[in-house]
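These protein sequence lines are chains A and B, in that order.
The first sequence runs 6 to 356 under my numbering.
The second sequence runs 1296 to 1553 under my numbering.
Hint data in this document are derived by calculation from the structure and do not stem from the laboratory.
Bear in mind the structure is a predicted one, so any value in this text is a computation, not a measurement.
Incorrect hints may appear among the rest.
Claimed, not checked - Below, simulated DSSO-like cross-link-like pairs (lysine-lysine); rule was C-alpha separation at most 30 Å, straight line:
#1 A:338 x B:1412
#2 A:207 x B:1422
#3 A:207 x A:338
#4 A:207 x B:1363
#5 B:1412 x A:345
#6 A:340 x B:1437
#7 A:207 x B:1437
#8 B:1437 x B:1422
#9 A:345 x B:1328
#10 A:338 x B:1538
#11 A:139 x B:1363
#12 A:353 x B:1328
#13 A:207 x B:1325
#14 B:1325 x A:338
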Amino acid sequence: MTQPTNSRLSAFFSSNRAALLTLLALILLPFIVGMMDGESPMMVFANESGNSKFAQGLAIEIFILALYALSFDLIFGITGMLSFGHSMFFGVGAYLTGISIKTFGLSLPATLGLVFIAAIVQAILFGLVLPRVKGITFALVTLGLGSVFHIVVMSSELGPYTGADVGLQGVIVPAFISPANERLRFYFIALTILILVYLLYKRFVDSPTGRVCVAIRENEGRARMLGYNTFYFKLAALTLSSLTAALAGFMHTLYQPIVSPNIANMGFTVTALLIILIGGVGTLSGALVGAVVYRLLDFGLRRYIGESASFISGAVYVLFVLFIPFGIVGTWKMKSLQIKQGWQRLQKLFG
Amino acid sequence: MTMTTEIILETQNIRKQFGALVAVDDVSIKVRKNSLHAIIGPNGAGKTTFFNLLSGNLEPTSGKVIYKGRDITHQPVHRTIHFGIGRSFQITNIFPNLTVFENIRLASQALGSDNFKFWQASSHFKKYEERAWHVIETVGLKERAQTLARTLPHGDQRKLELGMILAPDPEVLLLDEPTAGMASEQVPELIALIQGIQKQGNKTVMLVEHNMNVVMSVSDAITVMHQGMVLAEGTPAEIAANKEVQTAYLGGLYELNV
């Protein structure tokens, strides 16, 4: 009985080696960075200031960005709907979290529940326009919806709640996940959430529902002709995406803990687009890789170049699109497939 | 082959107008169950538009489509296959970046009740995979099952197109020029395949086809369309002998060899 279990386990390890090694590295990251800085693991556990704590903070931001980019990849890369209002999905989660805690003093679970309900409502709102518009029109309508949201949060009438152009400040985060005092705990919670959502996405894309979403991206007319009412599949993808982005917004507010109106504007949608272009559109894991590259590049350039960083990063993205149009993961997959096929041909040649 | 006089699909005075152009003008036809019914006519006669009206891709300006006694004229296009009507396209219409297997698996999954089980892997649902393999073998694409649809040669894409409508096992097959663009030596193979499916599976096939030899040899009934209207209807022999058809369409080019 142990034999098949063992072999299945070893098969699992060998086929997921890269993913498992990355996971191990991420679990050890705070301690390795700490040791390089001369901090003992005990000091890391105590959340003492230092490079480790700083690295954890950067990693948490990357995890949140990765969640957000994943949610965009689901509707754009997998289902083929280009939404320019995606920052609204994130913004609703972020603002609602801040307002619920600060203005209404709600508990964390109640806040999260409220955020999820709002996420479903906004997915349905986007879904309402779905049957009527496609392609570029959908992009423009969602751009409009997103802009309305940005104007609303910036309005002075709502200033007491959203902080208008100053942003939402002074959110009191519960002590047990305080990003200042319990950062290591926050780090592991964020890492766990990211892994769980990623696995859920993997499964979704591989499920009967996700397969139809891919078919819609490939040829929606044919998917309808096959008997699929594509509206419901697009709505399913939008809902899952909206829930994920709102969750990312929720974590963003808890971590920062301020909400800048910049996360509700068009530029933040472009951030999601850039991340999956860097990582590879429609690959899911590309969203994770892209988030790492995007955030580290941004951080590195700002630190070493300063003012002109955004100019340089813009140039880097143009080069990316020109030379690696399928993104890091997309290109990697293609090349490794070609290399595999090459070996097979070579083996055939020599019998 | 058992051929009944039962009518499975009919149109009543169906008409489709695009602006000033009347593409399909007052067409009423009756398709008998288990028959192979061909629609012929010169380019621009309205054959494909007529198919689009039958399959729900277009809504008629007026008139009705009746399937098994039920009015399906204004049903949305994704319902068509649920009634039992499958439709293939003249211009290959597939999922280009998916494998042949996945194209056909998606076609077999559509009518099942597992479409929204997003928590389970699609490989968990063996019945769709088995159905897909069965269809892939029927259309002769087994060797190509794992290649991407867009990389298939044209002839194989036509077979895939056929496979995608066979997968859900519809009662009526609307085939819009299934041999379009195929190398002529591949045509008899595909036609034999279609005939086999029709006879063994007791299917009703409606066929738009330009190859007159094919049409004359396989059809039970032929409708000739011309400028959006029905010019003539009858058995292959009647059509070949019809003077009007001779002048309007066949133009004396077709030598009757029955």
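Hint check results:
For the suggested pair residue 338 (chain A) and residue 1412 (chain B), the alpha carbons sit about 28 Å apart, so the restraint of at most 30 Å is met. The straight-line distance between the Cα atoms of residue 207 (chain A) and residue 1422 (chain B) is roughly 22 Å, inside the 30 Å bound, and the hint therefore holds. Distance check on the hinted pair: residue 207 (chain A) and residue 338 (chain A) sit about 16 Å apart at the alpha-carbon level, within 30 Å; holds. Distance hint between residue 207 (chain A) and residue 1363 (chain B) is unfulfilled; the C-alpha atoms sit about 43 Å from each other, more than 30 Å.
Between residue 1412 (chain B) and residue 345 (chain A) the alpha-carbon distance is near 33 Å, which puts this suggested pair outside the 30 Å criterion. The hinted pair formed by residue 340 (chain A) and residue 1437 (chain B) meets the criterion: a straight-line CA distance of about 26 Å does not exceed 30 Å. Taken as a hint, the residue 207 (chain A) and residue 1437 (chain B) pair is honoured in the structure, with Cα atoms around 28 Å apart against an allowance of 30 Å. For a cut-off of 30 Å, the pair hint linking residue 1437 (chain B) to residue 1422 (chain B) stands: about 18 Å separates their Cα positions.
Our distance criterion of 30 Å between C-alpha atoms is broken by residue 345 (chain A) and residue 1328 (chain B), whose separation comes to about 51 Å. At most 30 Å may separate the alpha-carbon atoms for a hinted pair to count; residue 338 (chain A) and residue 1538 (chain B) exceed this at roughly 63 Å. Restraint check for residue 139 (chain A) and residue 1363 (chain B): the C-alpha separation of about 34 Å exceeds 30 Å, so the hint is violated. Using a Cα cut-off of 30 Å, the hinted pair residue 353 (chain A) and residue 1328 (chain B) is violated, with the two alpha carbons roughly 51 Å apart.
About 49 Å separates the Cα atoms of residue 207 (chain A) and residue 1325 (chain B), which puts this hinted pair outside 30 Å; it is violated. At most 30 Å may separate the alpha-carbon atoms for a hinted pair to count; residue 1325 (chain B) and residue 338 (chain A) exceed this at roughly 53 Å.
When the structure is compared with the earlier hints, violations turn up for hints 4, 5, 9, 10, 11, 12, 13 and 14 and for no others.
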